[in-house]
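Asker: Each protein sequence line maps, in turn, to chains Z and H.
Per my numbering, the very first residue in the first sequence carries number -14; after that it's consecutive.
Per my numbering, the very first residue in the second sequence carries number -14; after that it's consecutive.
These are calculated hints, taken from the structure and not from any lab test.
Remember, it's a predicted structure, so these values are computed and weren't measured experimentally.
Treat the hints with care, since some could be wrong.
Below are the DSS-like pairs computed for lysine-lysine, each with C-alpha atoms no more than 30 Å apart in a straight line [said to hold, decoys possible]:
1) H:75 with Z:103
2) H:103 with Z:75
3) H:103 with H:-13
4) H:-13 with H:78
5) Z:-13 with Z:103
6) H:103 with Z:78
One side only, chain Z facing chain H, incomplete, derived with CB under 7 Å [what the hints assert, rightly or not]:
7) -14
8) -11
9) -5
10) -3
11) 4
12) 9
13) 10
14) 11
15) 55
16) 79
17) 81
18) 87
Yeah, the Cβ is synthetic: ideal placement off N, Cα and C, and Gly gets one too.
2 protein chains.
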Amino acid sequence: MKALILFGHGARDGRWREPFDRLASLWREQHSNTPVELAFLEMMQPSLEEAVSSLSAQGATQITVVPVFFGQGGHLRNDFPVLLEDCQKKFPKISLGTTPAVGEDLAVLQAIIDFSTKSI
Amino acid sequence: MKALILFGHGARDGRWREPFDRLASLWREQHSNTPVELAFLEMMQPSLEEAVSSLSAQGATQITVVPVFFGQGGHLRNDFPVLLEDCQKKFPKISLGTTPAVGEDLAVLQAIIDFSTKSI
Chain Z
-14 MKALILFGHG ARDGRWREPF DRLASLWREQ HSNTPVELAF LEMMQPSLEE AVSSLSAQGA
46 TQITVVPVFF GQGGHLRNDF PVLLEDCQKK FPKISLGTTP AVGEDLAVLQ AIIDFSTKSI
Chain H
-14 MKALILFGHG ARDGRWREPF DRLASLWREQ HSNTPVELAF LEMMQPSLEE AVSSLSAQGA
46 TQITVVPVFF GQGGHLRNDF PVLLEDCQKK FPKISLGTTP AVGEDLAVLQ AIIDFSTKSI
């Protein structure tokens, strides 16, 4: 079974995660057969490993991790691949894949332009 | 004259800003009469004040600052309003406005869902 992890940075202020919770809700409304979990790099729970463990317990065998980041800096280029490799070692039966950061996607950028156009 | 500032967090790795540069290019292609500048909270230039100064020199009188952040945590709830107020004091002739973070916009979130759907 396929599953999705939406992976964000995390922050001290709990309200920071609200858009991530909204993303997970949207996903569940639109893809009720494909489980989703959030995961955070730091300062918020669950960790990537906890999210993989939870999806594994739900029967996932193929998990795609989408980095919900704009830019690809040190966190995504250095920290994230190490985390992902550690998870893959801990869950050898799960096929773990990833994608570019969402900020690399032209449609996401265009939605930001459209939002700015409405706002100005 | 109206103008736009796309305001991001900033990062140590210079490549982090690539999607922000792409956003500014998209804006210029689609709104050639409305100047745009990027600005960063930390670790990258220009600062918000530098961006306001640059747009003011280009003749802007009404500037909208769009926070290109997913979540609204301490940076947007505490640091950003202080920065914006300082800028307003330094440029009293400019009308400075702002918007919610782009992560509050449903179309931006849906674009992330669509990207995830294609990726899984």
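Asker: So which hints don't hold here, by number, going up?
Answerer: Hints 3, 5, 7, 9, 12, 13, 16, 17 are the ones this structure does not satisfy, whereas the remaining hints hold.
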